[in-house]
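A.B. asks: Chain A is already provided as a structure; the job is to place chain B on it using the hints.
Spelled out from the first residue to the last, the chains are:
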Amino acid sequence: MYDVWKNVLAEVEQKVSKANFSTWFSDISLISTESGNIKIGVKNSFFVKQLRSRYFEDIKSALINNGVEVKSIDFEIQATNKPKIKPREVTRSDDTMRQHITAKRAQLKDVASQETGLNGRYTLSNFVIGSNNDLAVSAARSIINAPGTSYNPFFLYGGSGLGKTHLIQAIGNEILKNNPKAKVLYIPMPHFYADFVDAVQNNKGKEFHKKFQKLDVLIVDDIQSIVGKEKSQEEFFTIFNDLYQLNKQIIIASDRLPNQIKTMDERLASRLTWGGAFDLQLPKFEDKCAILKSKAEFDGIEIEDEAIEYIAENINTNIRDLESELAKINLIADVRGLTPLELIRSGAVSVQKTSKMHSVSARNIIDKVARYYQITTKELCGQSRVSNINNARQVAMFLLSKELGLSTNKIGAEVGGRDHSTVMHGIEKIENNLKLNFTLRDQIEEIKEKIYG
Amino acid sequence: MKIEVTQEKLSKALNLVSRIATGKVTLPVLNNVLIRVDNKKVTFTTTNLDMAVVDYLPVSSSSDGVVTVPARLLAEFVSNLPKGENITISAKDTKITISAGKYSSTINGTLADDFPELPEINEKEAVVFKMGVDEFKTGINQVIIASSNDLTRPALTGVYFNTINNELAVAATDGYRLAEKILVDKVESEVAAIVPTNSLQEVMRSLGEDVEEIEISFSEDLVRFRMGEVEIISKLIDGSFPEYRKLFPADNDIEVELPKDELTRVAKLAALFSREVGGSIICETKKPGSFSVKSVANEFGENDSEIETEVNTEGKVNLNSRFLLDALNALEENKIIFTFASKISPILIKNKKSKKYTHIIMPLNS
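Here the protein sequences come in this chain order: A and B. At position 180 of the first sequence (counting the first as 1) the number is 180 in the numbering used here, and the numbers step up by one without a gap. Just so we're on the same page, the numbering used here is the position in the second sequence counted from 1, plus 1000.
Just chain A, with the same shape it has in the complex (with noise of 0.2 angstroms):
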């Protein structure tokens, strides 16, 4: 079709002068030709009413000429001058793009299910996995296929948006997979004591109490809100010990460990722990990189991999904020009109690198440094040019600049009184290490954890 086109304008441009053909003609396009309806794209209106009173017979006669059957021609106007599609756009601008995802997050926004407390967007499958959380996957794996013989109960703890829900819940709608018949509840802490205390005013205890008595599967999430409540925790406590006898599964998630909960009862606590404690950790860089990557594809966002390492570099506090920022960083930029990474590169946002996290100062720096490779701040300060310590002097100078934006001469002053073209050699000398050297990678995530933990 596209090449008919082609002899159309040909035989069009034997016919009208050079100017007006290269004026008029040379940025139409031919948009569909069905059933004998022809459409031409235009740039604007001039053109629409131009091509339409002085040249369409010209155009109408060129395309019967050449065998395209004409029962009418429409002009529609397509502008030309149309941005470079970025790749980004491309997904953005595709409706059908737009509609599956829209479709998709219609689809998981179904609230929790009534019976089960369970919300189905929490799948195993799009809990990224990483050493931060591997250990704590793998029991939750050995959970679904055989529920209530191993790991039971299933105590998992960690800080805030790190992906407990997430994980215990995923738990609850694996085994529900596995077997629908399963008699599975999900219940926060809270709603786990109102629940109660309403039963009581009601004089259903029993009741309550035979709820539970029933289940196959009990997920309690936020069980350090537990605190103060003795009657509550009594309750608890009960149902607890008639599931655990049944060998029904339980499941526990915490922001802490049982001994860390201030009132719990020490009966409770200890049984709490039997089945061991997973715990959720701060992610690593790769991880981080990994959850990301997740996520963008999720949400049809489309971020350079460069963009996303400076994300992942720069956020050390949890996985909430770290999808948080990527959404901010992908907004400013969608208006801006650039890709993620241009608008890093323009500086035009900054990474709010230590949001939510306790101020450190530079000195408790250079003491985790020193700490971690087993050295004095003394000697770290010092004259020494001994390899391990010039390389721990180093990785402070590093962090102090990273992790606090200050200046080569403050950081100079600080380790010890040295020239600030010292300092910005360290520094170089570990962000060119850092490239190739994993080890190095690694302690530093680590001294970083140490730092903000």
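A few of these clues could be false.
[Stated by the list, open to error] Sample of chain A residues at the chain B side, in silico, Cβ under 7 angstroms:
{"no.": "1", "residue": "Gln14"}
{"no.": "2", "residue": "Lys15"}
{"no.": "3", "residue": "Ala19"}
{"no.": "4", "residue": "Ser22"}
{"no.": "5", "residue": "Asn44"}
{"no.": "6", "residue": "Ser45"}
{"no.": "7", "residue": "Phe46"}
{"no.": "8", "residue": "Ile77"}
{"no.": "9", "residue": "Asn259"}
{"no.": "10", "residue": "Val335"}
{"no.": "11", "residue": "Arg336"}
{"no.": "12", "residue": "Gly337"}
{"no.": "13", "residue": "Thr339"}
What the hints contain is simulated information worked out from the structure, not anything from laboratory work. Note that beta-carbon positions come from the ideal geometry of N, C-alpha and C, so glycine has one too.
C.D. replies: Positioned in the frame of chain A, the structure of chain B alone reads:
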């Protein structure tokens, strides 16, 4: 074809229409002005295929005909003729003779056949707004400063006319700042159209002092501005303008009231020291009551000015001094409100009383 008209009227009309006949297009006839006399109605028309300017010239006497003449040459010739002269333009085939008293010249024109026909607004479907020229001028001047000239993002190279909550608003943004003005309080019909900045600038230039009302008609892909004897038709930009109201910061926690004149002065002072760093200046609020503007140029020195005002929350923000000055220049009242947030969020600047104008600026990386 023949026209008789005074030098002033003719010169004014020619100057107006000849600006867009620039010869940037491949078609030579687009350098020409189309002069058409049809039953006493005289029109001068030029177009660059993105827009067209039409001037309805009142003349003392005329006879029918149509011809095109190189627009620049004719405009310059007429403007150099003595004022107050009566000018006669007559055409025989494609030769145009212009005579005024003892001055006379002949210009080679062309036949009108090649001059493109202009698209027309579909009057039945068009959405029409009318407003006073003063409000229109002020409003457009306040927002057009924020429009972009980056051709890779065509949607931002125009001013967005849109109706929200029965108000007609105009907005423009270049991705770093955004300005919005409510032009008309109560409108019945709805519109969402991006008018090219170039076309609007042409409209602004064409607004003479004797014009009081402007009529704007939007159809699907065209807009027409009618003001007095002049009519400008322009294409609309095919694209979608960002949903900009979502960018208005809702939770800026730091808000200060400032006198505009003083802020302008300190911003200008700070700008002098900020050339090295791309215009970046630092605004800071300090308790109990000071708003300071700072800039540092390593080589030349630094600047630090203060304005007294009431401060509830302390904080600071970096921004481009040029954007700040543009915004201040666009505000009408002398008392202005300046708000920003401790986290990264746009800076919002507005008049203290009137809520019709909103200007936001993205902060710079500190």
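A.B. asks: Among the hints numbered above, which are violated by the structure, and what are their numbers in rising order?
C.D. replies: 1, 2, 9 and 13
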